[in-house]
Amino acid sequence: MKSEDTTAPSADPADNVLQACLGPTGFYRRRGDDVVLLVHGLTGTPAEMLHVAKRLLQQGFSVACPQLAGHCGSVGDLKRSKWEDWYGTIEQTFEALKRTHRRVFVSGLSMGALIAVKLAAEKGSRVDGLGLLSLTLFYDGWNMPKVHQKIFWAVVLYSPLRHFMSWEESHPYGIKCEKTRAQVQAILESRDSQAAEKVGIFSTPAVTIRESLGLIKAAKQAFPRVHSPTLLVHATEDDMASVKNAHYAAARLGSRRIETYFVDDTYHVLTLDKRKNDVARRLGEFFTHCANSPETA
Numbered sequence: 278m279k280s281e282d283t284t285a286p287s288a289d290p291a292d293n294v295l296q297a298c299l300g301p302t303g304f305y306r307r308r309g310d311d312v313v314l315l316v317h318g319l320t321g322t323p324a325e326m327l328h329v330a331k332r333l334l335q336q337g338f339s340v341a342c343p344q345l346a347g348h349c350g351s352v353g354d355l356k357r358s359k360w361e362d363w364y365g366t367i368e369q370t371f372e373a374l375k376r377t378h379r380r381v382f383v384s385g386l387s388m389g390a391l392i393a394v395k396l397a398a399e400k401g402s403r404v405d406g407l408g409l410l411s412l413t414l415f416y417d418g419w420n421m422p423k424v425h426q427k428i429f430w431a432v433v434l435y436s437p438l439r440h441f442m443s444w445e446e447s448h449p450y451g452i453k454c455e456k457t458r459a460q461v462q463a464i465l466e467s468r469d470s471q472a473a474e475k476v477g478i479f480s481t482p483a484v485t486i487r488e489s490l491g492l493i494k495a496a497k498q499a500f501p502r503v504h505s506p507t508l509l510v511h512a513t514e515d516d517m518a519s520v521k522n523a524h525y526a527a528a529r530l531g532s533r534r535i536e537t538y539f540v541d542d543t544y545h546v547l548t549l550d551k552r553k554n555d556v557a558r559r560l561g562e563f564f565t566h567c568a569n570s571p572e573t574a
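So the sequence shown is numbered by my numbering: it starts at 278 and just counts up by one.
Since the hints were made in silico from the structure, they are not lab data.
Hints may contain errors.
As the list claims (entries may be wrong) - Label-pair restraints from in silico Cβ distances:
id	residue 1	residue 2	range
1	Leu490	His524	16 to 24 Å
2	Asp362	Asp417	24 to 32 Å
3	Ser351	Leu490	31 to 39 Å
4	Val352	Glu536	33 to 41 Å
Glycine residues also receive a C-beta, built at the ideal position from the N, C-alpha and C atoms.
Can you build the whole structure from these sequences, using the hints too?
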């Protein structure tokens, strides 16, 4: 699941700007004039978007996924980053892609989906379509203990304790596929020095969770200003964020065209789990239809 370098050195200044946006673990692969900008999740890594990227390439799209600010390094790096920094990574990458591609579609996973919402609200019709995967507005999935969560929210997030404590992500780590979950667990248990790059950080600092709440608030406020065609993809068995998150967004987005795709036999991390091929196929079909429609042609 390690990210791979899919770009070669270029004499084109625009390509060099894009490469700078991607960061050490990000990737970009040019295939067609239309590109999908992929946004990984909170404490995640571009590697979690690689499989979907490969399937989109097969459907004729170029793909790009930058490393969000503060991610794929130390816990200290993550704690020092703000949600505005994460958004800034995607905004800069979007602008770089706009210089070299006819259309730019954006698809984010979990908190990455919130960044995509914020971007679409700010950039308007320049975002040609949205794919929101496992959109997380409420931590209300079946594996989110309510009592523990309430105590953590009330006692830790808004006190000095937030600088010292973390939320430990527990089994099944958002993944229903036993084989994939075992691979993730093996990397975590081996104390691999590159674990943050390969699978992300599974102990989320409280200060980072507080930042994510700021991003959630910003995304909710942005919903009415989002007019890009939008596809909401959500697992019916999501362990972190229930399907209510998708319904909430569908009722509030300003887009005239909103489609939903609910998938079973998978958990929160749709891009790595058992239905990842179906998710990638549906994304590609939606973006292809957007490209061929009068609104985005």
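Quick rundown of the hints versus the structure:
no.	hint	result
1	Leu490 - His524: 16 to 24 Å	holds (21 Å)
2	Asp362 - Asp417: 24 to 32 Å	holds (27 Å)
3	Ser351 - Leu490: 31 to 39 Å	violated (22 Å)
4	Val352 - Glu536: 33 to 41 Å	holds (38 Å)
In terms of the numbered hints stated before, the structure departs from hint 3 and from no other.
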